[in-house]
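Heads up: the sequence lines are chains A and B, in that order. So for the first sequence, the numbering used here puts the first residue at 1; every next one is plus one. So for the second sequence, the numbering used here puts the first residue at 1; every next one is plus one.
Don't take every hint at face value.
[Unchecked claim] Simulated DEER-style distance windows between Cβ atoms:
1. 56(B) <-> 115(A): 27 to 33 Å
2. 241(A) <-> 39(B): 47 to 53 Å
3. 59(B) <-> 2(A): 47 to 53 Å
4. 39(B) <-> 304(A): 17 to 23 Å
5. 396(A) <-> 78(B): 42 to 48 Å
6. 42(A) <-> 89(B): 41 to 47 Å
7. 400(A) <-> 29(B): 42 to 48 Å
8. 6(B) <-> 34(A): 51 to 57 Å
9. 36(B) <-> 297(A): 40 to 46 Å
[Unchecked claim] Derived, one-sided and incomplete: chain A residues facing chain B with beta-carbon distance under 7 Å:
10. 308
11. 332
12. 370
Treat the hints as calculated values from the structure; they're not laboratory data. Glycine is no exception: its CB is placed at the ideal position from the N, C-alpha and C atoms.
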Amino acid sequence: MTDATLLTKPAHELAAMLRAGEITSEELTRAHLEQIEALNPTLNAFLAVDADGALATARAIDARRAAGEELGPLAGVPIAVKDNFCTRDLPTTCGSRMLEGWVPPYDATIITRLRDAGLVILGKTNMDEFAMGSSTETSAFGPTRNPWDIDRIPGGSGGGSSAAVAGFLAPLAVGSDTGGSIRQPGAVTGTVGVKPTYGGVSRFGVVAMASSLDQPGPVARTVLDAALLHEVMAGHDPRDSTSIDRPVPALADAARLRDVRGMRVGVVKELGGEGYDVAVEARFLEAVELLKEAGAEVIEVSCPHFTYALSAYYLIHPAEVSSNLARFDAMRYGMRCGDDGTNGAEAVTSITRGEGFGREVKRRLIIGTHALSSGYHDQYYGSAQKVRTLVARDFDAAFELCDVLVSPTTPTVAFKLGERMNDPLAMYKADLCTIPSNLAGNASASFPVGVSDEGLPIGLQVMAPPLADDRLYRIGGWLEAVLEETWGGPLLQQMKPLPETKAVFA
Amino acid sequence: MALTADDVARLAGLARLHLTEAECAELAPELDIILSSVDQVAAVARDDIPMMTHALPLTNVMRDDVVTPSLTPEQALSGAPATEDGRFRVPQILGEDA
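Okay, chain A solo, but in the shape it has when bound (with noise of 0.2 Å):
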């Protein structure tokens, strides 16, 4: 009989049971793949399951141990990977009819480096269609349901990744950040998520969306947890050309100091007011309030360009958007419709398009066009680059001022399925507070700092000059601590369990 306390533990305590051989990768694999037959039928959490592959790795796993071999912090671990990372092994269909079934040929730099670091693999999760949306409703499978109330959201596009971490499913996933699809998740499950600088982990084989813009990072329930993964995922690949050839900061080590004293933060005046939940200010400033108490300096910044931040956003992404997906041209990979001798390839390509891309899709392809065509290039493209260049001038003045900014992560708590489909104007704001380092390139997280009166969890954002991911780290470490004593115990312990769920605290 499994122990039922395994699926709710820190994957730090579960990687030193395992190397204290309290218990077998194998076991804690089985764990997690009979709470995902029991739950994803709710929660349609992850597209594809790889139970064969997931036991004969943790068996493996566990047979180098048992000889004695030296295996690094998470080996025997479980995980779950977002579906637009390659995996040679498992379907990568981005959540889009246009890649249904494709089994790509190699793998992605990060999960070379998650099965070289000893990770078990379980499957892949639901998200955005190519990451498209904030709310992983635009996946052509079907959305993903947040554990905490299954009428609502599990934030977007990694909604499968927060919605497994959060229903005890997988102790960590793997996710990609191009406008808030790791934090805006991670804020409205109770989850950690946490954005790299730019160039801190490699896009080698993540499908890209936005490339100046698509940073994949590390979902997880704790901060310490976070940490050992974002270690493992982090640093210098030669295939990315984009890749920082630096070392990584010491995360796991900022994650316990458990001291933020001395720390200058700045509360970002623009990311508040007309347009915010209380509840999500409430618990804001109560989390700031702790911070000033336990000795750091708080102060007010400005950045007033961030109200800018959105729109450029939305003329960015798009357009390149509109480059990258030029790829699925239906020649080389994925659907194929209308080759029935009739049509040119040109015909073919179109007619693929139109049946393989979802709405989402086809509006920003559309944008993106539009915003790149000549006559409207300069109006558009150019000056939404322009604000690009004023959102870091804001961030580097702040930086001058302070070690970290906070504001919440997502304006309001998890909305219901459906609420915003039909206002993209009103989805997109889901990502208010999350593009100003995504159009910056610098660091940024989510923590989870309390539920609203509803009982739906809100989290604070901490953002750090590029290469300091560190002191996301340090600060998320420390609230964490402090704010689970007030609690009694972890945020998640607070969700009310899911009728099927196995999972029980200890």
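Let chain A serve as the given structure and place chain B on it in line with the hints.
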């Protein structure tokens, strides 16, 4: 300037994206709302502000010109919708009036 269904159809042609007439008609007002909202970027984009194309200063990355392992032809073709004689099979690339 409002985006019309005809504009959407023209842009869809440039994007090699087949849209039905109904889709063009539905998308036009939706995209118009989005475009008029993001148009505010022009208000702050003064002439003296440089454009930022990337988050980090980029330099061209080169590697030594040596052969490294890569995909086999079978692997490269493994996901193709159609293959023939170890190659990608594509529909005719020249139109009848070409």
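- prompt: For this structure, which hints from the list above don't hold up?
  reply: 2
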